[in-house]
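Engineer: Residue numbers (my numbering), protein chains in the order written: chain A, 66 to 179; chain B, 918 to 1102.
Because the hints were derived from the structure by calculation, they are not lab data.
Don't take each hint at face value.
With a straight-line cut-off of 25 Å between C-alpha atoms, the simulated SDA-like cross-links for lysine to any residue are [stated by the list, open to error]:
{"#": "1", "chain 1": "B", "residue 1": "Lys978", "chain 2": "A", "residue 2": "Val90"}
{"#": "2", "chain 1": "B", "residue 1": "Lys978", "chain 2": "A", "residue 2": "Ala112"}
{"#": "3", "chain 1": "B", "residue 1": "Lys978", "chain 2": "A", "residue 2": "Leu98"}
{"#": "4", "chain 1": "B", "residue 1": "Lys997", "chain 2": "A", "residue 2": "Arg116"}
{"#": "5", "chain 1": "A", "residue 1": "Lys71", "chain 2": "B", "residue 2": "Leu1043"}
{"#": "6", "chain 1": "B", "residue 1": "Lys978", "chain 2": "A", "residue 2": "Ser95"}
{"#": "7", "chain 1": "A", "residue 1": "Lys71", "chain 2": "B", "residue 2": "Lys1085"}
{"#": "8", "chain 1": "A", "residue 1": "Lys71", "chain 2": "B", "residue 2": "Val1074"}
{"#": "9", "chain 1": "A", "residue 1": "Lys71", "chain 2": "B", "residue 2": "Glu1046"}
{"#": "10", "chain 1": "A", "residue 1": "Lys71", "chain 2": "B", "residue 2": "Gly1045"}
{"#": "11", "chain 1": "B", "residue 1": "Lys997", "chain 2": "A", "residue 2": "Val90"}
{"#": "12", "chain 1": "A", "residue 1": "Lys71", "chain 2": "B", "residue 2": "Ile1071"}
{"#": "13", "chain 1": "B", "residue 1": "Lys978", "chain 2": "A", "residue 2": "Arg116"}
{"#": "14", "chain 1": "A", "residue 1": "Lys71", "chain 2": "B", "residue 2": "Gly1093"}
{"#": "15", "chain 1": "A", "residue 1": "Lys71", "chain 2": "B", "residue 2": "Ser945"}
With the Cβ distance kept under 10 Å, some of the chain B side facing chain A (calculated, not the full set) [unchecked claim]:
{"#": "16", "residue": "Arg923"}
{"#": "17", "residue": "Gly934"}
{"#": "18", "residue": "Leu947"}
{"#": "19", "residue": "Arg948"}
{"#": "20", "residue": "Cys973"}
{"#": "21", "residue": "Glu977"}
{"#": "22", "residue": "Ser1031"}
{"#": "23", "residue": "Ala1035"}
{"#": "24", "residue": "His1055"}
{"#": "25", "residue": "Arg1084"}
A quick note: this is a predicted structure, and the numbers were derived from the prediction, not measured.
Glycine included, each C-beta is placed from N, C-alpha and C at the ideal position.
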Amino acid sequence: MTEEDKVDLSPLDPARDPARWDTLVRGVASRALAAHRARNTLAFQIAAWGRPVLAAAASLAIVSWALAWSSDSGEMRTSADTTQPAAYQLAGWAATGKLPETPQMMSALGGSND
Amino acid sequence: MPIDDRAPELVARARRGDPAAFDELVRSYLRPAYAVALAVVGRPADAEDIAQDAFCLAFEKLDSCRDPSRFAGWLLTIVKNQARNWLVKRKLRDVSRMSSLPEQPDQGAGPDASALRAPLLAALALLGEAQREVVLLHDLEGWTHGEIAKALGISEVMSRQHLFVARKKLRTQLEGGLSEERIHD
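Build the full structure now, drawing on both the sequences and the hints.
Structural biologist: Written out as structure tokens, the structure is:
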């Protein structure tokens, strides 16, 4: 394939009018440069960092809330575990009419006789 | 002509905000960007707009150009995506009525420019997108097959094949058009 085979596409050449093309080139270069400079300003950098920082803060808040919630429910479960046997014991003593020993009663009510 | 050898240096300087580097990159690659946009959308005026917008977008995310020695390929991918998005928007807007209107002549174009372009654009429209890209980059921009292959991510053999088929189809179409005109005369 030689240069002679080349199809003449010059009517589609955007630089047929060199002055107009030069203006266009300078316009694009200055637009691009302005955008680049705008990206390097402090405000833009803060805005650019704002979104990821906000996302990280939201994630941290969710994790903290989840941890707090699970620890609260754990505490509730623990207290229920200790009170339930005491209630059963008291009910058992009431049903049978048996008088418990002081240490037994103290233990069932979660106290100590020390 | 592409300046891939200098591209890494120019990209590095542009990242530092050197105005001369911006200017040189635009001067070197705006025409190829226009050629690729034209291959996709088929309208010179729109192709110019798309090439300009794509260039600004490319400069905005210049830091994401991982391999500056392949700047041309990276840029032309952005141009192609922009052009395809533009085509989708055009279809959504249903501007078929507008597309049937004759294209407005460019400012500064000679009186015969539109008349010369119309048959060329009609003939180009009959080619595949890849064929249009190759023939425009080769015959309009003067790129070599090596440069085209690198920028478009195809093999040199494929580039030659596309050019061969594109030229053949263009010639057939353009000569057919001329013969018809002679008959009408």
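Engineer: Now tell me, hint by hint, if it's right for this structure.
Structural biologist: Results of checking the hints against the structure:
1. Lys978/B <-> Val90/A: Judged against 25 Å, a Cα distance of about 19 Å means the pair holds.
2. Lys978/B <-> Ala112/A: Status holds; Cα separation ~16 Å.
3. Lys978/B <-> Leu98/A: 12 Å, holds
4. Lys997/B <-> Arg116/A: Outside the cut-off at roughly 29 Å; violated.
5. Lys71/A <-> Leu1043/B: 18 Å, holds
6. Lys978/B <-> Ser95/A: With Cα atoms ~16 Å apart, Lys978/B and Ser95/A stay inside 25 Å; holds.
7. Lys71/A <-> Lys1085/B: This hinted pair holds, its Cα atoms lying about 10 Å apart.
8. Lys71/A <-> Val1074/B: Measuring from Cα to Cα gives roughly 18 Å; hence the hint holds.
9. Lys71/A <-> Glu1046/B: 19 Å, holds
10. Lys71/A <-> Gly1045/B: Roughly 18 Å between the alpha carbons, so the hint for Lys71/A and Gly1045/B holds.
11. Lys997/B <-> Val90/A: 19 Å, holds
12. Lys71/A <-> Ile1071/B: 21 Å, holds
13. Lys978/B <-> Arg116/A: 18 Å, holds
14. Lys71/A <-> Gly1093/B: At roughly 18 Å apart (the allowed maximum being 25 Å), Gly1093/B and Lys71/A satisfy the hint.
15. Lys71/A <-> Ser945/B: 22 Å, holds
16. Arg923: 16 Å, violated
17. Gly934: 6 Å, holds
18. Leu947: 6 Å, holds
19. Arg948: Cβ of Arg948/B sits 6 Å from chain A, so the hint holds.
20. Cys973: Nearest chain A Cβ about 5 Å off; hint holds.
21. Glu977: It holds, given that the least Cβ distance between Glu977/B and chain A is near 5 Å, below 10 Å.
22. Ser1031: 9 Å, holds
23. Ala1035: 9 Å, holds
24. His1055: 8 Å, holds
25. Arg1084: At 5 Å from the nearest chain A Cβ, Arg1084/B passes the 10 Å test, so the hint holds.
The structure shown violates the earlier hints numbered 4, 16.
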